[in-house]
Amino acid sequence: MDKLFPLLLDFFKTHRGLNMNYLYHGDFTHDLTNAILSFAENSLDSMGESTKIRKRVYFIMVESLQNITRHQESREGISQGFGYFNIQGEPDGYYITSCNKVLNSSVANLRSKLDMVNSLDAQNLKSYSAEMLQAGVISEKGGAGLGLIEMAKRSGNKLKFHFETIDSSHSCFYFQIRIGKPVVENFEKGHNLGSSVDSHKLLKANGLNIVFQGNFSQENVKSIVAMIEGSFSKSNVGPMKKKMLNLLIELLQNIYKHGSGGKSAEEDSRPGIFAIGVRNNKYFITSGSLIAKHKEAALTEKINAVNQIDPNSLEKLYAAKLLEEDVPGAKGAGLGFIDMRLRTGEKIDFSLLPFDNEHSFLTLGLSIKDKIEKNA
Amino acid sequence: MPEALSITATHDTPEIILNPETGIFKISKRSYPEDAAGFYKPVIDWLSEFRQNPPQEITFVFNLEYYNTASAKQIFKVLQVLQETGKQSKVKILWQFFEDDSDMEIAGERFASLISNVAFEIVSIPQE
Chain A
1 MDKLFPLLLD FFKTHRGLNM NYLYHGDFTH DLTNAILSFA ENSLDSMGES
51 TKIRKRVYFI MVESLQNITR HQESREGISQ GFGYFNIQGE PDGYYITSCN
101 KVLNSSVANL RSKLDMVNSL DAQNLKSYSA EMLQAGVISE KGGAGLGLIE
151 MAKRSGNKLK FHFETIDSSH SCFYFQIRIG KPVVENFEKG HNLGSSVDSH
201 KLLKANGLNI VFQGNFSQEN VKSIVAMIEG SFSKSNVGPM KKKMLNLLIE
251 LLQNIYKHGS GGKSAEEDSR PGIFAIGVRN NKYFITSGSL IAKHKEAALT
301 EKINAVNQID PNSLEKLYAA KLLEEDVPGA KGAGLGFIDM RLRTGEKIDF
351 SLLPFDNEHS FLTLGLSIKD KIEKNA
Chain B
377 MPEALSITAT HDTPEIILNP ETGIFKISKR SYPEDAAGFY KPVIDWLSEF
427 RQNPPQEITF VFNLEYYNTA SAKQIFKVLQ VLQETGKQSK VKILWQFFED
477 DSDMEIAGER FASLISNVAF EIVSIPQE
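Quick mapping for you: the protein sequence lines, in order, are chains A and B. Using this note's numbering, you'd call the opening residue of the first sequence number 1 and step up by one each time. Using this note's numbering, you'd call the opening residue of the second sequence number 377 and step up by one each time.
Each hint should be verified, as a subset may be incorrect.
Here are the simulated DSS-like pairs of lysine-lysine, each with C-alpha atoms no more than 27 Å apart in a straight line [unchecked claim]: (1) A:Lys321 to B:Lys405; (2) A:Lys302 to B:Lys402; (3) B:Lys417 to A:Lys321; (4) A:Lys181 to A:Lys52; (5) B:Lys402 to B:Lys417; (6) B:Lys463 to A:Lys302; (7) A:Lys126 to A:Lys55; (8) B:Lys405 to A:Lys160; (9) A:Lys316 to B:Lys417; (10) B:Lys453 to A:Lys257; (11) B:Lys466 to B:Lys417; (12) A:Lys3 to A:Lys347; (13) A:Lys181 to A:Lys126; (14) B:Lys402 to A:Lys321; (15) B:Lys466 to B:Lys402; (16) A:Lys321 to B:Lys463; (17) A:Lys295 to A:Lys321; (18) A:Lys257 to B:Lys417; (19) A:Lys282 to A:Lys369; (20) A:Lys369 to A:Lys13; (21) B:Lys417 to A:Lys295; (22) A:Lys369 to B:Lys463; (23) A:Lys55 to A:Lys3; (24) A:Lys257 to B:Lys405; (25) B:Lys468 to A:Lys321; (26) A:Lys257 to A:Lys302; (27) A:Lys257 to A:Lys347; (28) B:Lys453 to A:Lys316; (29) A:Lys293 to A:Lys316; (30) A:Lys126 to A:Lys153.
Have a look at the derived ranges for each label pair, beta carbon to beta carbon [to be verified]: (31) B:Ala385 to A:Glu325: 25 to 35 Å; (32) A:Ala330 to B:Gly399: 33 to 43 Å; (33) B:Ile501 to A:Lys126: 52 to 62 Å; (34) A:Glu325 to B:Gly399: 26 to 36 Å; (35) A:Asp326 to B:Pro378: 48 to 58 Å; (36) B:Gly399 to A:Lys369: 36 to 46 Å.
Derived from the structure by calculation, the hints contain no laboratory data. Note that the Cβ used here is the ideal one computed from N, Cα and C, for glycine as well.
Just need the whole structure built from these sequences, with the hints factored in.
Structural data, given as structure tokens:
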């Protein structure tokens, strides 16, 4: 994952100003949609967002996600596994971006619909939506165009969109809505659709399905675990799902237990990032977090020590750690890296990249095999 | 004999039932709390008291979906108390794993190799 680590650092740096950034690329199932919704709800809740904002974000998310699932069905020969969803928490509001594949032949019609909605002011949006409801005009795909109107109405912002041509018959339809926070109305930065489109390209190019950047605490580790459970609930990754979750819990708890760079030393959340993807038909997970420079040498030594041990001695080391007395105030059992190696059957891939004067960026990468040979 | 101890599961802590009257002793679901030592302390204390005057036979069930390494250490402590209990009573440990979860099977084998005085059974159960 040597290429992925610097990339993770770049991404982390670029989006450092966000309160949270969640991205998903791939198939959208009903369970995944629910998982994303409750994850976002929990995240907004833990960030202390007002009910008004939460409700608006929720509504826009539901509409955007339904838009993806509605259009991903292969009625027009559009292949699955193409949806994209992104929610970015900026100081001035939430930016919700979705993407689905559309036929080039329907681009013009879609564009004129969007332009029309954008041309309406708040008052006109209101009367137009009432009119449409009464007339009961429903488009062929079950959408009434009403979705667009409602989204524009509730966000109070213009709809931002972009069509990216894929081939002679298909385009990627990107669509972004901002739910602004009134408190910082003066600092409005406008839409940032370009950044979300770039992120999507990055996910596609690197086989990434899920990326989340934000502040990690036990609370959001719980929401993330629930979200990943939902993401893979109906797919064929059964045996790997538990392994993935076990490893993910360990990686994420490492971020907030040993990470650094929080708003204050007392704060129990730490900035970090994680990604899940597929490479060479194997799932992998990777995490990035800040660690204090003075801890770098000891950490490197610790991981190298675990990497150098032969598998049989690894079991002995695990047993020895179990038998050790608890160290008062210790944040873990000292078993994390040993466990990662035992579960993956591989050495731990890691790097420490320069970040700033006080911190390095620690990245860990784990590949998930279907089955580990015993004593391998 | 201590009174029954019952802890309801949350998303990151397991369900724990320690009931001498019904003979049900069970730790199940997920275990990845922030402070594993703090969470398991009452459980280990309870078992240590229970050990002073145990019944002739007990079966202790583990049925975990996943746990973090901090919990692994605490689970091992629970097993160590059961190992002590096994000197006076007939203790059976039933380590259940879902049939597709080879990691949990391996974990059971690992614990079994480190614990004596008990009958340690590792059993596959169908996925829910």
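Which numbered hints fail: 2, 6, 8, 20, 21, 22, 23, 29, 35
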